[in-house]
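Novice: With the hints as constraints, model all of the structure from the sequences given.
Heads up: the sequence shown is residues 11 to 822, going by our numbering.
Keep in mind the hints are simulated off the structure, nothing from the lab.
Incorrect hints may have been included.
What the hints assert, rightly or not - Simulated pairs of lysine-lysine, DSSO-like, Cα-Cα distance not exceeding 30 Å:
id: 1; residue 1: K464; residue 2: K361
id: 2; residue 1: K482; residue 2: K504
id: 3; residue 1: K136; residue 2: K276
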Amino acid sequence: MINEWNVSSSLIELECAWRQHQRKNDENNHVYSTHHLLCFNVRGLDLRWGEVSLLSKQLHTDIIILGEVGHIDLSLINAAFSNYNIFYQAGENPHGGVLILIHKNITVSRLPCSLPDVCVIDIELKHTVRIIGIYAPASKTWNWIDLSSLITDRCMVLGDFNIDIMRDGDKADKLLEWMDACSLSAIIPDTNTSLRSERTIDFAATIGIDLSIQAYEGNTTSDHKPILGIAAGEEFLARTNSRTVWPVFSLMLSYVYEFWMKEWSKENMDVTYENFISFLALLKMRCQHYFTTNNDRPSIPKEFIKMLAQSRSLSFKAKRAGDIELRKVAGRLRNQARYELKCFQNEQLSKQLKERHAPGETSRIFWSKTKRHFKKASASLKGFFSSTGEIINDPQRMADRAADHYGKLFEAPTVMRPQPYVDTPPVQWENSNELIPPVTYPEILNVLRTRKKKQSLDIHGLSPYTLDKIQKNYWHFLVHLYNDSFTKAYIPKKFKEVRMILLAKKDSVCNPDQARPISLLDSFLKIQEKLFLNRFRLILKDRGLLPENQSGFREGYRLQTRVLLLIEQIYSYMSNSSPVATAFVDFKSAFDQLWFEGCLGKLGKMGIPTAYVNWIRAWLYGRSAIIEIQGKRSKWIKIERGGPQGSSLTPSLFITYHSDMADFFPGAMSFFFADDLAAVLAGQIGTRFTSQCIDLEHRLQSFMNQLEYYSILPVQPINYDKTQVMFSARAIKYPVPLPEIKCGDHSVDWIPRFKYLGYWLSTKLGWSNIIDRTCLIVRQRTAMINSFKLNGQSSTRLRRVLFSTFVLPYFT
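Specialist: Structure (structure tokens):
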């Protein structure tokens with residue numbers, strides 16, 4: 011590498027030489043296999059085979075499980091689904107029966123099962139996965155325990171259970187007890203699946219399978235919603251892995267330090283910074299060592315590998331020679347090797363358990379392997395719905411569709427003028443000329459030390475982990491860059507280029523507007539944002555701009571405190587026998603709708619110094635992004651509104667912009683957590699209950715009118731579909747029907763319960779919802795612990811440790 015540096019006449023020539031060493035990203039080393047499932051109670055397949063056929067084509071399903079199929083014409087089904095293997099199990103009555111269709115590119119075999127309405131098949135992937143399709147009417151003659159013998163280590167049970175786990179009491183308890191005994195975890199959609207009873211009775215129970223499911227919200231003629239599922243697996247092939255040799259990276263930076271010291275002394279910092287980050291990305295790539303792995307198995311001592319290989323060799327030799335004695339010797343050697351290997355694995359497990367709290371590599375490996383199984387994460391994005399209802403799962407088409415959507419979302423808003431934030435005379439404050447304090451070298455080192463060393467790459471191929479490997483003396487150059495940026499209120503062009511990835515909010519297959527865009531900002535910009543945020547917070551604190559009822563993204567304020575204050579306020583009104591209405595307001599893509607010009611104008615009128623406002627202006631304007639999905643990139647899109655998701659500065663800027671929101675609702679008690687607003691209103695105290703309800707209706711409608719006016723002023727649109735109201739009172743009977751409330755031209759729904767900041771609130775403020783859902787989480791995690799193995803081994807002590815770590819906290 012030093013020779014390549016010395017013989018190159020310029021940076022461009024060096025970069026061209028180093029690019030030849032570029033390999034595919036490590037993300038391509040894993041071949042992820044996903045299988046799309048459709049589970050549907052059709053209520054008579056002869057009536058809905060056309061609907062099923064259309065859904066299978068639109069959704070590109072690999073596995074279809076149909077319940078309550080009734081009478082079927084196999085010749086018609088074979089003609090309509092010629093690409094599928096068909097397996098049918100008759101039911102107990104003419105309306106029952108289960109039909110499973112498996113695409114012909116999947117190896118499948120059927121297992122005999124005498125239970126009616128239960129069809130059992132095995133599909134061959136990297137491991138054998140068992141699928142049990144069921145239809146369980148109330149009149150079924152078999153019990154859940156009859157299915158126990160069919161459950162394997164990798165199994166999923168799907169269909170119509172005819173039981174709502176959260177509502178059906180004793181019936182649900184019996185089902186959950188059976189799931190616990192079989193170490194099955196219930197996977198339940200977020201919405202109701204029965205259109206007739208508004209209950210969730212179609213779901214799945216799994217063990218050893220990564221399955222995500224969601225209810226299909228399209229039109230259907232059945233009284234059950236179809237259930238879409240994605241079973242994710244990972245096939246390990248012969249592949250190339252890489253690791254970066256960081257000592258070489260550091261040594262090379264030391265060697266070229268004098269060169270960069272001269273470069274950073276030049277006046278044009280934009281060009282210097284662009285060359286610098288390009289050099290760092292290529293140097294990191296050049297320092298990567300590539301190696302091929304053909305399998306994935308825990309490393310074991312060579313003597314065990316030698317013994318196993320020797321036993322196989324003797325077995326083949328005995329088979330060829332027909333030597334019985336030699337076969338016995340090979341069997342004894344194989345059993346001895348397996349026994350010693352098991353003892354070795356038990357010793358390794360005991361060692362990891364003993365050293366799990368000690369600093370070092372052993373504890374890191376133990377917790378990294380266990381935490382990823384219990385970490386609650388949103389479903390990974392697997393596809394988009396097209397305008398025709400078809401699933402788009404090609405990465406390039408997904409990226410292009412997302413770019414079209416977000417290109418429109420980030421367009422500059424149309425604003426009614428004149429506008430008080432931008433069209434009124436500026437206010438002169440005593441601190442208007444206050445400058446941004448300069449950055450110091452120790453301050454940068456302190457920020458670097460406190461930041462998480464994540465490995466997510468920005469658009470230039472750098473990450474916070476890479477920055478941590480850069481020698482500390484290089485940060486003197488960045489001190490000069492950051493101070494120049496604060497003084498002159500400019501941002502390097504490369505700071506404004508963003509790599510954007512999309513995460514699924516709930517469902518793995520959704521529309522682009524239901525995904526969460528995360529901006530992977532320039533890694534060096536993140537450091538500057540943190541430095542600016544520390545200074546910006548001091549200004550906010552000195553001027554007392556943030557209200558006490560705002561708890562989001564503020565030091566010393568907790569989410570739980572905000573929830574408890576809200577509950578206490580509702581209790582206080584109810585204790586006075588007043589009817590209470592709690593409005594839960596959702597702002598549409600809140601951070602992504604920030605109006606640049608209005609925000610800057612308002613900051614100036616709030617007393618933020620001009621230097622701060624000018625730097626925020628440079629930070630907001632001129633940004634552009636590309637959307638990347640599974641390595642495929644979209645076109646560049648301009649960002650003319652909204653703060654970047656993933657920036658440490660965006661939340662603080664947002665809550666400052668909306669710090670006076672509560673002043674527009676004088677008749678309500680407002681509770682804020684970032685962009686989440688809960689407003690509590692009560693009827694007039696001291697009058698009849700009927701009069702109080704009428705008064706509450708007027709107050710609530712007045713609040714909605716004020717909310718609509720406020721949303722227009724800062725150009726912060728309301729998500730009307732998710733803005734809802736909950737009625738609470740000590741009275742036994744509530745008004746029927748509850749009054750119609752409108753926000754703008756949209757009717758607001760009354761709801762019996764609401765999930766506020768992760769906690770379920772009901773009209774009577776009972777704890778049953780929270781307790782029931784916590785019990786379900788405990789059951790899911792306990793089932794996972796019972797089936798958990800570390801390096802192929804488990805023990806009572808391991809299960810006890812996992813239970814104490816991942817389950818016991820729910821009881822405290």
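Novice: Work down the list of hints and note, for each, if the structure agrees.
Specialist: Now the hints, each set against the structure:
A C-alpha spacing of about 28 Å is found between K464 and K361, which places the hinted pair at or below 30 Å, so the restraint holds. With a C-alpha separation of about 22 Å, the suggested pairing of K482 with K504 holds against the 30 Å cut-off. Proposed proximity of K136 and K276 is contradicted: the alpha carbons are some 57 Å apart, above 30 Å.
Violated hint for the displayed structure: number 3, the only one.
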